[in-house]
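2 protein chains.
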Amino acid sequence: MPRRKTAKVELSRGRLLDAAAHIFRERGYVGTTMRAIAQDAGIEAGSIYYHYKSKDELIGAVLDFGIVELLSSVTSALSQLPADATPRLRIETAISAHVSAILDNGDYMLAMRRVFGQVPAATWRRHMRLRESYGEVWSKLLSSARRAGVVRTDADLTLARLFLLGGLNWTVEWYKPKGRPIRTVTRAFSTLILDGLLVPRARQARKPKK
Amino acid sequence: MPRRKTAKVELSRGRLLDAAAHIFRERGYVGTTMRAIAQDAGIEAGSIYYHYKSKDELIGAVLDFGIVELLSSVTSALSQLPADATPRLRIETAISAHVSAILDNGDYMLAMRRVFGQVPAATWRRHMRLRESYGEVWSKLLSSARRAGVVRTDADLTLARLFLLGGLNWTVEWYKPKGRPIRTVTRAFSTLILDGLLVPRARQARKPKK
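So the sequences go chain by chain: B and Y.
Here the working numbering is used: the first residue of the first sequence is 2, the next is one more, and so on.
Here the working numbering is used: the first residue of the second sequence is 2, the next is one more, and so on.
Everything labelled a hint here was simulated from the structure, so no lab data went into it.
Misleading hints may appear alongside valid ones.
Because identical chains share one entry, a pair is satisfied inside a single copy or across any pair of copies.
[What the hints assert, rightly or not] Calculated lysine to aspartate or glutamate pairs in the DMTMM-like style (CA-CA distance at most 25 Å, straight line):
(1) 54 to 174
(2) 141 to 57
(3) 56 to 27
(4) 179 to 157
(5) 54 to 85
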């Protein structure tokens, strides 16, 4: 295929995916038709099948795209850090990249929520594997901080990851572009998860494990 | 109305609301019919209108019920604390009550997410006022901890509240009854938000505000 044609195909594929995320977000999986997506993307209803064979394939692409964006945003931000970056800086960097990617791809994130439980099981399972591989990035980040000796020894890293990602993902529900700058939000979140809300004297005395 | 009849009405109203939460969660607002809810509740399709005049009224009741459960769980747990309970204990207690109420009412919480953006605007606005009054409970809890001098002076309490509630609300997405006990989860979350993940020596040096 000549290059120019490839670029054009990629362009309309991207536009199609954005439209799909938007419509799935609004109407859920069951309520969405290929026709409505084509209309939103401004392309012929028939030509959508040139890109995606079925609604199932399309929702799979939307779900995966959201995670791939998070994954590439976070791994690329981490890779730009100097090799001797502290575990703290690495976690702060990942938090900032994750939140930015979430807010840049709001339709994809909200579509994910919206279609939860509606998508064919095989599609969802495949998507979950991708999601888990993204979770792995965070698991490694936290375990390597622990190996460096900066994480509290009593912390359950799985629960820490779930709590942190929940707090970050929630931004899509409340963030308004005219409100606090993203940078302010991610700094505050980093301090909260890393340093806690309380002043040192109010921190809990470590008790022996029961 | 004789008492026995009232009790019976209340019972089927509760069953109806549970069924509605379940169906709205599965099918969203647009995809849900009064008939499907009646069927799920095991009552006559017509008799649903005895309790709720319309699907709009019913979704309003489902949305509000979810928040009322959170509100009453948290305020009742707080009211059972001794008057001299520390701010730390008050926050821990609220975290535990919030997560328990979320997990006890999973269908309601997931229905909320699912119908987001589909519900008639007036219904949603009314619901948002209730939700804000629940947010107020948390704002007061955090500001009173600050007045007691135990909260870091550089913390933005609004962002702290949003981050914390996001992390707590996310449990509905991943929690499995056969996994960690709820008590383990809420203790870990309390320690994370109050004390932070890092050991003291890795905590950030306080910089003067720019």
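Hints and how they fare:
{"no.": "1", "hint": "54 to 174", "in the structure": "neither (32 Å within a copy, 30 Å between copies)"}
{"no.": "2", "hint": "141 to 57", "in the structure": "neither (32 Å within a copy, 46 Å between copies)"}
{"no.": "3", "hint": "56 to 27", "in the structure": "both (15 Å within a copy, 19 Å between copies)"}
{"no.": "4", "hint": "179 to 157", "in the structure": "between (36 Å within a copy, 17 Å between copies)"}
{"no.": "5", "hint": "54 to 85", "in the structure": "neither (47 Å within a copy, 64 Å between copies)"}
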